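A.B. asks: Once you've looked at the hints, go ahead and assemble the two chains, each given alone in its own frame, into the complex.
Chains as they are written, first to last, in this note's numbering: chain F, 1 to 450; chain X, 1001 to 1175.
Don't take each hint at face value.
Simulated crosslink set (PhoX-like; lysine-lysine; CA at most 20 Å straight-line) [as the list claims (entries may be wrong)]: (1) X:Lys1173 - X:Lys1145; (2) F:Lys230 - X:Lys1145; (3) F:Lys41 - F:Lys80; (4) F:Lys230 - F:Lys206; (5) F:Lys230 - X:Lys1173; (6) X:Lys1060 - X:Lys1173.
Calculated directly from the structure, the hints in this document are not laboratory data. Since the structure is predicted, the reported quantities are computational estimates derived from the model, not experimental observations.
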Amino acid sequence: MLRRIGNWPLLVALMVVALGAHPADAAQTTIIDVTNPFIRKIPIAIPLFKPLVENAQAAAVSDAGADMVAEMLDFTGYFKIMDRGAFLEEPRILGVSGTSLNFRNWTVIGAELLVTGGITVAGDSLKMELRLFDTFQGQQVVGKVYTGQLKDERRILRRFCSEVIFYLTGQRGFFNSEVAFVSTGTGNKEIYIADYDGRNPSQFSKTRNITISPAWSPDGQWLAYTAYAKNNPNLYVKHRRLSQGFEISYEGLNITPAWMPESSSSPEVEDKRLAATLSHEGDQEIYLLTGKGKIIKRLTSSWGSDVSPTWSPDGKKLAFVSNRTGSPQVHVLDVASGQTQRLTFEGRYNTQPSWSPRGDKIAYAGMTNSQNNIFVIGLDGRPPIQMTANSGNNESPCWAPDGSMIVFSSTREGAARIYVMTAFGTDQRRLLALPGEQTNPKWSPNIESD
Amino acid sequence: MKRKAWMCLALLVIVPAMLLTVSCSKQTAVDADTATKVEPPKAPAAPAVDPKAEAEKRAKEMALNEFLHENVHFDFDSAALSAMAQQVLQRKAAWLTSNPSATVTIEGHCDERGTNEYNLALGERRAASAKAFLADLGIAAGRMKTVSYGEERPLDPASTEEAWAKNRRAQFKLN
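Isolated chain X (complex conformation) (with noise of 0.2 Å):
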């Protein structure tokens, strides 16, 4: 609630500011258009670079870039977790471990081939399959939550072995 206020006054502050600053630049474009001698505008000071920050800043993009786009795969049918979505998964859990404060939803999909009733079931297994895994490994059940999207939300809409692979999956957003 505190933190909420704080970012209303910050808005406060920062959103008029912002107008400013654009009705500013206008003037000084229609300015320069009248000007018969035009002084180039100045060049915004480098922010000083820190290699060392940039890398882990880096490095946490990647990481946060893998736990979106990693899925954990799953066998027609089935909401079993194999050795390598097992493997994807302690990747989850050490992520969310470095990331304490972030909440996730899982999303538990199917391919298109079964029916789509029993596939919202289906999907809906396989995001609890990943909850529990990675309640097991530490990270508490608050913090991840669930939605099944059965067949409606493929990633590849190709009908093809390739593409089913791919859409039988439980993917993870960030809340």
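Extracted from the complex, chain F is given alone in its bound form (with noise of 0.2 Å):
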């Protein structure tokens, strides 16, 4: 159980100034500006966490807690992390409060912004008083102070990374988030789940044979994939933590599900709705199913192959494959209406898509020359941009779940891998290297921990 207790007695002040001179803007702050592709890397300084009691524990803590947060803040890819050797004074040493901070000594060093930790541990309990400040208006811009024991805190500094991000985007941010993806270490497609940055990789499904297209409930807490464990593909719909599952299975395909945006906040598995192709009645069509598989409606009616299904953030509409056209492409159906709009016109295969939680633009896997690449493309009207090149097979994208990010599987070191880059297209890395391919990753929404 980890508890916030709100804000230190001396930091309340400073919030309520902060807050209390633009109590409506909170959300709307645009530090950085999340549309705009040109990213200038924020220099930002993160010198090591203060002991405020000094004992060989919190020692251990403070070191562990700045590299920490220095390599999350990192991972967005809004960030240039500063080297902590051009520091000109300590924090660890002086304070770590704005009254024992000398500004100027940070914006010399050109760092725009600060991060500061105080520490104290107590036998197994822990608490971190965590504080971001903009040099240049010397001012402190979030300040936090969590409780909890010794080994949350990865999970504490996580949501302090997500208020800092809150603050600099006005988006969630995704570090409590977690990717699913297929790997084929066992010998079959399975199923596997890591953290958002690929730490603590574990196996999901036990299928023992093709195990494949990952897709998870709004609220995070529930998986459904398709499998062949009676020798068809069909769907499963499975609990992530409790043993509780239910399998999807017509005649023909069962495949490419995908959770419809939550009208309701129930945690029933029967109300959430799913998007998914079924070929029982002889077409390749998307039907809205509840989540256990009852068939509501037949989404689509063209003949050939409508494939899958993604929902724009506000579940009115969805992009989907289709060769209705002769050729694989992406199309975008209004649910209501039920008119369909091709939305991809340059090359001949385009699968894939993955609508973003922003709602502005849509990724897909576009092929040419027996190589697929990732593009994205706006529903503007304006051409798609293409996001990897001369990088071997690049398939599978999906979105962070505040569309800043978007994982993907690339052939580029050789065996099919996990790897992310930011919404532009830049710092693409690998996420992970397990044995066997990886592939069909799936980043989940934001999932409060319990």
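C.D. replies: Right, here's the structure in full:
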């Protein structure tokens, strides 16, 4: 149980000042313009944290903590993490609150943001006092006190980083999210789940047969996927932790599940909605199902293959792949009117659409010369932007829950692995490497820890 | 149902008989080790070979082998049946006609180049094309089940034109 007890008494005053000045603006603060493709990385200083009560444990937690924050913030691609060797003062010695900092010592070395941390460890319990300063304004802009157990350190720091990103972008970030993907380590394709940064990968499905296409429910508690447990591609809906699950097995295909954005906040799986491709009526069409697989209605009705649905964040539209025009292309269906419009026109093979959680863009894999690459296309009629090139096969793009990054699979280093990049194609790097090959990544929503 | 009961009865007799045979021969082996003089075991009496029946049996095996291993091939991103594919399917129909009790699964497969979700759909369309063609030739639809494996079960994992052509197929399995 992680308990946030609110603001440190001293910080309350500061926070009140900050929030009191622009109470309504809190959610609209955009220091980082997330729509600007030419991001200048913000120089941020993250000096070692200060043990507020000196003991060996606090020292260890302090040192590790600053590095973890640096790593988490670096992951977003927004920041340039400054070298600690360049720092002119040490908050670890002088103190971590605004009054003990000389902001000029930070602005002169080019740091625009500064993170400080004060740590108290008593036995198994941990208290972390974390602040973000705007050095040029000489102002604290985020200040939180978290208490928990020693083992909660990373979770606490993830929460703090979410606050930092929220302050800077107006978005909640992705530090409480996970990535599901397919790995062949056991000799079969199985679903695995790792933290957003590739840590703690663990096998989720144990089908011992082909298992593909994981899809997260909007609350992050359920996964739907396709598996050949009975030598037919059937859908399985499984709770992330509890041993609850359902099989959806209409005759023929039961593939490419996509959960509809939540219309009710009911935790019951039958109240959730799932779009998926079925072929029991002869043609491959996309249907709207309950979380347990009962058909609510057929959504598409065009001859040929209609697969890989992805919902707009408001749940009113559905992008999907159809070969109705002769080759696989991304189309957009307006669910209420039933009107469908073709979205992609460049290239002969465009599949695997993923609708950005911000609503304005769709990422997909487009094939030229037998190689897939990731493209991003706006819904404004502008041509697509190619995000990957000359780096093997790049497939299965999926957006982070705040739309700031894209996870995908690539064969650029040989075997297929999971990679991430920013929403503008920068900072491409591998997330993890496990035995076998890794494909089909799906980024989860932020999952509130229990 | 009746047939199943028969099988069970037959198994009830055969299985213990087999077990007995195994334990007996083991016993003999042990005896042979300790015996000073070993009599060579009698060669089993050769079954009477009927050359005609033998040839027929061989031809049947070959026909089955061809049925299971000659695949129907497709162009990239296509489930259309080429002239060659239709010839292969004519032979499948002939085999199915001369083996009226056989029921089959037609598997649809793709090469690795597309993406796996769309290929699941394409594989199903390939299997369905083959099934529809055979049904037109008079093979009862109820004898043919279809399943798509998309790009998940390549015959040749190489990334070459040759391997891709081999992998784009409808493949027949006996149920």
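A.B. asks: Each hint should be assessed against the structure and marked as holding or not.
C.D. replies: Hint-by-hint comparison with the structure:
1. X:Lys1173 - X:Lys1145: Roughly 10 Å separates the two Cα atoms, so the pair holds.
2. F:Lys230 - X:Lys1145: With a Cα-Cα distance of about 14 Å, the restraint between Lys230 of chain F and Lys1145 of chain X holds, given a limit of 20 Å.
3. F:Lys41 - F:Lys80: Since the Cα atoms of Lys41 of chain F and Lys80 of chain F sit roughly 5 Å apart, the hinted pair holds (cutoff 20 Å).
4. F:Lys230 - F:Lys206: 13 Å, holds
5. F:Lys230 - X:Lys1173: Within the cut-off at roughly 16 Å; holds.
6. X:Lys1060 - X:Lys1173: 16 Å, holds
Of the numbered hints listed earlier, not one is contradicted by the structure.
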